[in-house]
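Enquirer: Sequential numbering from 8 applies to the sequence shown in this note's numbering.
A couple of the hints might just be wrong.
Restraint ranges, calculated between C-beta atoms of paired labels, are given here [as the list claims (entries may be wrong)]:
| id | residue 1 | residue 2 | range |
| --- | --- | --- | --- |
| 1 | Val186 | Leu220 | 18 to 24 Å |
| 2 | Arg53 | Leu237 | 34 to 40 Å |
| 3 | Ser120 | Asp172 | 27 to 33 Å |
| 4 | Ala235 | Arg50 | 19 to 25 Å |
| 5 | His166 | Gly55 | 42 to 48 Å |
| 6 | Pro117 | Gly182 | 27 to 33 Å |
| 7 | Ile29 | Glu134 | 28 to 34 Å |
| 8 | Pro240 | Leu220 | 27 to 33 Å |
| 9 | Leu181 | Gly55 | 36 to 42 Å |
| 10 | Ser204 | Arg14 | 36 to 42 Å |
| 11 | Leu237 | Ser120 | 35 to 41 Å |
| 12 | Met238 | Gly13 | 16 to 22 Å |
Computed cross-link-like contacts, BS3-like style, restricted to lysine-lysine with a CA-CA straight-line distance of at most 27 Å [said to hold, decoys possible]:
| id | residue 1 | residue 2 |
| --- | --- | --- |
| 13 | Lys15 | Lys28 |
| 14 | Lys152 | Lys74 |
| 15 | Lys15 | Lys74 |
| 16 | Lys28 | Lys74 |
Think of the hints as simulated: they come from the structure by calculation, not from any bench. Positions of the beta carbon are idealized from the N, C-alpha and C atoms, including for glycine.
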Amino acid sequence: MKPDGGRKTSRGFWEQSHGGKIRLRLPSLLNVGTRDILRLLSRRIRPGMSVLEIGFAPGKHLAYVAKNLGGRVHGVDYSEPGVVIAAQLFTALEINGELRCEDVFSVSFPQGSFDFVYSIGFVEHFEDARPIVRLHLEMVKPGGKVMIAVPNYGGIYGHLQRWLDPDNLAIHNLGIMSVAGLQAALPEDLSAAAGASPAGCLSPWLLSLDRWLPYVPARLLSMGINAAGLMQPFEVGFASPLLVLDVTRAPSS
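All chains should be built: construct the whole structure from the sequences, respecting the hints.
Expert: See the structure below:
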C-alpha cells in the first residue's frame, strides 16, 4: 500500500481545474448537485462546530458552512490557484476561516482537533482510498463525525460516462464506488458507527455531455436534466449521483 494511496491526478490537474474565476457569492440552490451537497451538510453541521473540508477549493461549500450553518471553518487543498480564489470568496463574503495550501498528507492542522471532517469528490482520486479515509478520521476528535461523498459512477452514471468520456473515468477509483467498496476503506481501529448509502437527485453534472453533443444542445440537455432533478419529489437510489459514507470516530481508549 502506497503511503499516499497512489494519486490518480496531479497537482497540475487541480491547478488548471481551479484556475478560472468564480462568482464571489454563496453557491446557488438552482444547481441540483450543489443543492444535494448543501442538504447533506445542513443535516450534519450545527452552529459552533469546528469543521474541516479536505480538498475545499474553490471554497463555495465551506463558505456556505460558515455563513449559513455557523460552522468554524478550516480547509486544506494543494491547488494554489484554488486556495487564492477561495480566499477572495471569503473576503468578499466577510467570512473568517483558516485556509491552508498544503498536501493533505503533510497537513499542519493538529490531528484530533475537529468536530466534523468532510470531503466531496476527493478520495476517489486515489488508487487506494484507505490512507486518505484514515486521515479523515485522524483529523476528527474522538466521537466526532466524518462524511465522505464520492460520485456514484458504480451504476448508471458510470455506464453512460464510460461511453461519453472514458478518459474522465480513468482518473477515478471505481472500486470504491459502491456501499461495500466505501465501507471496505474504513480503518477498523478508528471507526465506531459507520454507514454508506446513495444520495441526491437526478443530475447531469457527472456526465460529459459536451463530448457527445455540440455545446448549445449539451447545455440545454444538462439544464433540462437539472430541472428534472430539482423537481424530483424523493431520492431514488439508482439515479442518485452521490455515494455518502458517514463515520463516527471511535472514542479514545
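Enquirer: All the hints need checking, so say for each whether the structure fits it.
Expert: Here is how each hint holds up against the structure:
1. Remark: the range hint 18 to 24 Å for Val186 to Leu220 is contradicted by a beta-carbon distance near 32 Å.
2. Taking 34 to 40 Å as the suggested C-beta distance range, the pair Arg53 and Leu237 does not conform, at roughly 26 Å.
3. For the pair Ser120 and Asp172, the beta carbons lie near 39 Å from each other, so the given range of 27 to 33 Å is not met.
4. Taken as a hint, the range 19 to 25 Å holds for the pair Ala235 and Arg50, whose Cβ atoms sit roughly 23 Å apart.
5. The hinted window of 42 to 48 Å between His166 and Gly55 holds, with their beta carbons roughly 43 Å apart.
6. A hinted range of 27 to 33 Å holds for the C-beta pair Pro117 and Gly182, which are about 32 Å apart.
7. Taken as a hint, the range 28 to 34 Å holds for the pair Ile29 and Glu134, whose Cβ atoms sit roughly 30 Å apart.
8. For the pair Pro240 and Leu220, the supplied restraint of 27 to 33 Å holds, since their beta-carbon distance comes to about 28 Å.
9. In this structure, Leu181 and Gly55 meet the distance hint of 36 to 42 Å, their C-beta atoms being roughly 38 Å apart.
10. Separated by about 27 Å at the C-beta atoms, Ser204 and Arg14 break the suggested range of 36 to 42 Å.
11. For Leu237 and Ser120, the hinted distance range of 35 to 41 Å is satisfied, since their beta carbons lie about 37 Å from each other.
12. The supplied range of 16 to 22 Å is broken by Met238 and Gly13, whose beta-carbon atoms lie about 40 Å from each other.
13. At roughly 25 Å between alpha-carbon atoms, Lys15 and Lys28 fall within 27 Å of each other, so this suggested pair holds.
14. For a cut-off of 27 Å, the pair hint linking Lys152 to Lys74 stands: about 20 Å separates their Cα positions.
15. For the hint pairing Lys15 with Lys74, the CA-to-CA distance comes to about 33 Å; that exceeds 27 Å, so the pair is violated.
16. For a cut-off of 27 Å, the pair hint linking Lys28 to Lys74 stands: about 21 Å separates their Cα positions.
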